[in-house]
Amino acid sequence: MLQHLITLTWNKKRKHALLVTEMLICFLVLFAVFTLLTGLYRNYRKPLGMEPDNLWSVYLPVHYPAPPADTLQTQQQLIRNSLLAVPGVQMVSFSSWNLPFYDIAVQNAVTYNGRKITAVNWYIADEHFGPVLGITMAEGRYYAPQDKTAAIKPLVITQALSKALFGDSAAVGKRVNAWGNCQIIGVTNDVKFQGDYRKPGYAVLQNADTSELSQLARLVVKVAPGSGYALEGKVYKILANDLKLDGIVIERMPELRKVINSNSFIPAVITCIVSVFLVGNVLLGLLGVLWYTISQRKGELALRRAVGATAKNIAAQLVTESLLLVSLALVPGVIIAVQFPLLHVFDVESVVYYMGLLLATAMLVVLVLLCALYPGRQAAAILPAVALHEE
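With the UniProt record's numbering, you'll find the sequence shown wraps up at 391, consecutive numbering, no jumps.
Bear in mind the hints are in silico, worked out from the structure with no lab data behind them. Be a bit skeptical, because a hint or two may be false.
Result set (DSS-like, lysine-lysine): computed pairs, CA atoms no more than 30 angstroms apart in a straight line [to be verified]:
| no. | residue 1 | residue 2 |
| --- | --- | --- |
| 1 | K153 | K199 |
| 2 | K46 | K163 |
| 3 | K148 | K244 |
| 4 | K174 | K148 |
| 5 | K258 | K234 |
| 6 | K174 | K199 |
| 7 | K258 | K237 |
| 8 | K46 | K199 |
| 9 | K312 | K237 |
| 10 | K163 | K153 |
| 11 | K163 | K148 |
| 12 | K258 | K46 |
| 13 | K163 | K116 |
| 14 | K46 | K237 |
| 15 | K234 | K244 |
| 16 | K199 | K244 |
| 17 | K174 | K153 |
| 18 | K153 | K116 |
| 19 | K199 | K258 |
| 20 | K163 | K199 |
| 21 | K116 | K199 |
| 22 | K46 | K116 |
| 23 | K174 | K163 |
Here are the in silico distance ranges between beta carbons for each label pair [said to hold, decoys possible]:
| no. | residue 1 | residue 2 | range |
| --- | --- | --- | --- |
| 24 | V276 | P61 | 47 to 53 angstroms |
| 25 | W291 | L324 | 16 to 22 angstroms |
| 26 | T271 | A362 | 25 to 31 angstroms |
| 27 | P225 | T111 | 41 to 47 angstroms |
| 28 | K237 | V62 | 19 to 25 angstroms |
| 29 | V334 | P61 | 55 to 61 angstroms |
| 30 | T111 | L342 | 26 to 32 angstroms |
| 31 | E255 | S82 | 20 to 26 angstroms |
| 32 | Q107 | Y59 | 40 to 46 angstroms |
| 33 | V106 | A138 | 56 to 62 angstroms |
| 34 | V334 | Y59 | 49 to 55 angstroms |
| 35 | G226 | T149 | 36 to 42 angstroms |
Predicted model only: the values in this text are computed from it and were never measured. Quick reminder that beta carbons are idealized off the backbone N, C-alpha and C, glycines included.
Build the full structure now, drawing on both the sequences and the hints.
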């Protein structure tokens, strides 16, 4: 019986070509949606790698040309001491523009034994940056004041970059080429600098030397839990009034985290809404085709009932035909979808693509089954005598 239905469906492939094409497009859209959602979910499940709840970001004015290094060093030390004297301010760090949860990227390449890793996020800051953010070490240590005078420039990298460069071997002590000869002194646990829904990626935390002090245009201030606008006012007053710094902007990292998470998730929401309309139209088309098929095949179905087919047999035939129809769309759809993990398109993990493929296949089959159930019941309710009399 199944072989007969396969032959019947194959012989009608031209008749259903448009519907099969719509199902193929529907499958590819579902594959894209589930791949996107799976990637976002897997990224969300990973630990953030830092503690931003009580952190403030402070924008500092930048003057061109930059003052001499000793002047900048004195000014930054004055700012640090003034803020640490305020009750409620626990730690202070100077950093470059690309703080966590900002859509600002500073990238460079890192090379080790001929292996070059590109698109490495670069964070230039002082030695307090890691402790202020609450970043933990997986290997080695973080920066200390004596690292500023080291003969070979020290670097701290993240676990993702360490694995890409050195595999499972230890990273501490190895030398890499990154804006010159550098030595790895520590490896941090992975940090999601770009929000909860983006993967940690490769990152380098560089300790700013005296020639890079002019790039430290941001302050990261760690405050006591529950600190509100009263403390913010005191910090602003010290920076703007006492230290005569203009253009001071204070932002809270939890709010920045919400904004960048929204920016990451909104495209997924829009894609889901568009896909719902597309899939809905395809399913309505399938439902209409099945309904029309029943009205056109009343004589055939009635004859099957007359020669001994039960109502369940008729319903099962309609459902099986629908599944065979969707298989004509799934075969080329799966072939297309499998190319993405094989070719490593968009630098997405293969498991994300395969999960998206399985979910899209299951969803399309379930939706087609739901569309075929009611027409199948209608076909099963056809009485042989009445249908043959109408014919």
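Going down the list of hints, with the structure as the test:
no. : hint                              : verdict
1   : K153 <-> K199                     : holds, 28 angstroms
2   : K46 <-> K163                      : holds, 17 angstroms
3   : K148 <-> K244                     : holds, 29 angstroms
4   : K174 <-> K148                     : holds, 18 angstroms
5   : K258 <-> K234                     : holds, 25 angstroms
6   : K174 <-> K199                     : holds, 25 angstroms
7   : K258 <-> K237                     : holds, 27 angstroms
8   : K46 <-> K199                      : holds, 8 angstroms
9   : K312 <-> K237                     : violated, 80 angstroms
10  : K163 <-> K153                     : holds, 21 angstroms
11  : K163 <-> K148                     : holds, 26 angstroms
12  : K258 <-> K46                      : holds, 17 angstroms
13  : K163 <-> K116                     : holds, 13 angstroms
14  : K46 <-> K237                      : violated, 39 angstroms
15  : K234 <-> K244                     : holds, 14 angstroms
16  : K199 <-> K244                     : violated, 40 angstroms
17  : K174 <-> K153                     : holds, 12 angstroms
18  : K153 <-> K116                     : holds, 19 angstroms
19  : K199 <-> K258                     : holds, 16 angstroms
20  : K163 <-> K199                     : holds, 15 angstroms
21  : K116 <-> K199                     : holds, 20 angstroms
22  : K46 <-> K116                      : holds, 26 angstroms
23  : K174 <-> K163                     : holds, 13 angstroms
24  : V276 <-> P61: 47 to 53 angstroms  : holds, 48 angstroms
25  : W291 <-> L324: 16 to 22 angstroms : holds, 18 angstroms
26  : T271 <-> A362: 25 to 31 angstroms : violated, 19 angstroms
27  : P225 <-> T111: 41 to 47 angstroms : holds, 43 angstroms
28  : K237 <-> V62: 19 to 25 angstroms  : holds, 21 angstroms
29  : V334 <-> P61: 55 to 61 angstroms  : holds, 57 angstroms
30  : T111 <-> L342: 26 to 32 angstroms : holds, 27 angstroms
31  : E255 <-> S82: 20 to 26 angstroms  : holds, 25 angstroms
32  : Q107 <-> Y59: 40 to 46 angstroms  : violated, 22 angstroms
33  : V106 <-> A138: 56 to 62 angstroms : violated, 23 angstroms
34  : V334 <-> Y59: 49 to 55 angstroms  : holds, 51 angstroms
35  : G226 <-> T149: 36 to 42 angstroms : holds, 40 angstroms
Comparing the model with each numbered hint stated earlier shows that hints 9, 14, 16, 26, 32, 33 do not hold.
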